[in-house]
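J.: Sequence:
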Amino acid sequence: MIAGFIWRAALLAVAVLAIGLQLDRQTRRTPELSPSVPELVRSSAQKGVAAFAVAGDDADYALQEAERLVRRRPLPAEHLRILAQAQFNAGRLSDSALTIQYAAQRGWREPLAQESMLRLALQAGDEAEAARRFVALFVRRDTADSLLEELGSQVLAEPGGVGRETFASILDGAERWHSQFFTRGVRVLSIDAFAEILVASIENGTDFDCSNLRTAIERVEPRDAAAAGRIKTAIDRQC
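Numbering of the sequence shown is given in the numbering used here, commencing with residue 1 and proceeding in unit increments.
Since the hints were derived computationally from the structure, they do not count as laboratory data.
Some hints could be false.
Have a look at the derived ranges for each label pair, beta carbon to beta carbon [unchecked claim]:
| id | residue 1 | residue 2 | range |
| --- | --- | --- | --- |
| 1 | S153 | A97 | 17 to 27 Å |
| 2 | A174 | F52 | 30 to 40 Å |
| 3 | G173 | R92 | 30 to 40 Å |
| 4 | R187 | C239 | 16 to 26 Å |
| 5 | G56 | P222 | 48 to 58 Å |
| 6 | D142 | S94 | 40 to 50 Å |
| 7 | L98 | D142 | 22 to 32 Å |
| 8 | E150 | L93 | 29 to 39 Å |
| 9 | L98 | D209 | 37 to 47 Å |
| 10 | D224 | Q154 | 35 to 45 Å |
| 11 | L98 | R73 | 37 to 47 Å |
C-beta: ideal position from N, C-alpha, C; glycine also.
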């Protein structure tokens, strides 16, 4: 009889564990379920718990949950970003600055980490690093145009400056997003910056699709005839 009781208890424990694990997996699609997952079996759910805590009013609790998240799943850059935000909210500013740097180094696709690093680079006067972080945000299709306009006006403000030069050098070796540069660049960059980066890349030997170049001239010319003229001169050797 005791053996039967132990057997039923074991089955119940396995069932509860299985339900908890399944619920944890479901939080990848439905983060709102995260607080419902038992703490013992939280993996994916811990991200949601930490994120919700950071958005709340209890800074100490948020820091505790964010630290738990990083202990359990230390690799994703987004988890470090959540920890950095929790540290900032808790008044641990130096720790937050260090953590966000680790996040940005680990994950170039983590947008908030890139934005944070960009702003830190601007404060430190490191134009090249700021430009690299700007490009990381620029190539993400879900980065808001308004954010790129704001940051671009700072990173690429100086004609002939390091920011524009760095952007052009990255563009030289990134053929896979040339089309994105033409379609998005003319929207979010100043016309002067867009034209200078494009001309510099052409002069560096980058081969662009001629139809993209002609379309760029058509879009630039009504806004800045001189910039369009510089592009025309540069592409005479290509198209």
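J.: Look at each hint and say if it fits the structure.
T.: Now for the hints, and whether the structure bears them out:
| no. | hint | verdict |
| --- | --- | --- |
| 1 | S153 - A97: 17 to 27 Å | holds (24 Å) |
| 2 | A174 - F52: 30 to 40 Å | holds (37 Å) |
| 3 | G173 - R92: 30 to 40 Å | holds (39 Å) |
| 4 | R187 - C239: 16 to 26 Å | holds (23 Å) |
| 5 | G56 - P222: 48 to 58 Å | holds (49 Å) |
| 6 | D142 - S94: 40 to 50 Å | violated (31 Å) |
| 7 | L98 - D142: 22 to 32 Å | holds (27 Å) |
| 8 | E150 - L93: 29 to 39 Å | violated (23 Å) |
| 9 | L98 - D209: 37 to 47 Å | holds (43 Å) |
| 10 | D224 - Q154: 35 to 45 Å | violated (20 Å) |
| 11 | L98 - R73: 37 to 47 Å | violated (19 Å) |
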